[in-house]
Amino acid sequence: MAASMTSVWGVRVLSKIIHGHLLPAAAVRHQTVRSRFLHTAPVSSSAVSVSEEPDVLYQRLSVRVKGHDKAVLDSYEFFATLAAQELGLNLQKAFEAPKHIDKLTLLKSVHIFKKHRVQYEMRTHYRCIQLSRVTGSSARVYLEYIERNLPEGVAMEVTKTAVEKIPEHIQKPLWDDGKQETPSQ
Amino acid sequence: MATSLVRQTKLLSIVTSQFNSAACFRNIHCTAACLKNRAARIRVGKGDKSVTYEQAYHPHDIGHRKGWLSQHTSNLQGEDEAAERVVEDVFIRRFMYGTFHNCLADEVVIKRRGNLLVICAMMIQKLLPSKFYFLIGYSEELLSHFYKCPVKIEMQTVEEKVVYKYL
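As given, the protein sequences belong to chains A and B, one line each in that order.
Start counting the first sequence at 501; every next residue gets the next number (my numbering).
Start counting the second sequence at 558; every next residue gets the next number (my numbering).
Calculated from the structure, these hints are not laboratory results.
Don't take each hint at face value.
[As the list claims (entries may be wrong)] Below, simulated DSS-like cross-link-like pairs (lysine-lysine); rule was C-alpha separation at most 25 Å, straight line:
| # | chain 1 | residue 1 | chain 2 | residue 2 |
| --- | --- | --- | --- | --- |
| 1 | B | Lys-623 | A | Lys-599 |
| 2 | A | Lys-603 | B | Lys-718 |
| 3 | B | Lys-623 | A | Lys-570 |
| 4 | B | Lys-606 | A | Lys-570 |
| 5 | A | Lys-599 | B | Lys-668 |
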């Protein structure tokens, strides 16, 4: 648990550097915390992972939560938007998709009385939170924090739209090369 | 009992004869055809029956005046394994009812957070705290071995059952 906490702090600092929103006070606080760890045990060097490969860039990070209770989803939306603002992520929009109602009509009685039925329904409410232009490491940190604090009875779906380079074989169109294609029979 | 039955059959025959003469042959079946839903409701009586908040409100008040007793995601649209959760819930409720004999003040609330199963119970202060702690540990251990997931019991004790109203 302690190792994961230090890694979260470390990655958060890294994400702040990438975003360019480096608050000097916060940076100093993080550095003093890390120096304290340096004195006690040499674990802080593994907390911040710096790799050569570039970070994945997400054009849009869409988090969709669904639940039975609208009030619970309201408070979760407030929590998620607050977390996004505190981490410095761009909140594109936070909206409510229309609810879905599942209705069942069953017989009221055990044996006969076909004319008398009972109706039940299950309502599923949705909330969508969309963040735009997120890096991979900050997305990981944000999603881990959000997922750990999901209330019971609420399910979450995450859709990430990544930005990738066009693969080399598609970069130039075929007709530009000047090759003559044989007509097929 | 016999007089009330006769009175009810007489009422039923008067009511049904106005609509359809063929239905008055059903005089003996004075049950579901005329009465409303009976599920999870305590009928209004003399005024001596004490009733908790959970028991006082009927199932159509769930989501409006009542909360959910069992919170999991399998009843949402696009999620599955609802029946397995229901079977687990029934077993857990019977287990809690039996382990803490006569100590439950209200219904057990079951919450599922990821893999974790949280059982929230309100107890009457009938046993010593050390006995309560032993029973909590015993149920947590047994249920976690049975369901292969971490189980936590959050317990709150009350001096006596909280009465909402008398019916």
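Hints versus structure:
In summary, the hint linking B:Lys-623 to A:Lys-599 is supported, as the alpha carbons are separated by about 20 Å, within the 25 Å threshold. In summary, the hint linking A:Lys-603 to B:Lys-718 is not supported, as the alpha carbons are separated by about 36 Å, beyond the 25 Å threshold. Annotation: proposed proximity of B:Lys-623 to A:Lys-570 holds, straight-line Cα distance about 14 Å (limit 25 Å). Of the supplied pair hints, the one linking B:Lys-606 and A:Lys-570 is violated, its CA atoms being roughly 34 Å apart against a limit of 25 Å.
Taken as a hint, the A:Lys-599 and B:Lys-668 pair is honoured in the structure, with Cα atoms around 23 Å apart against an allowance of 25 Å.
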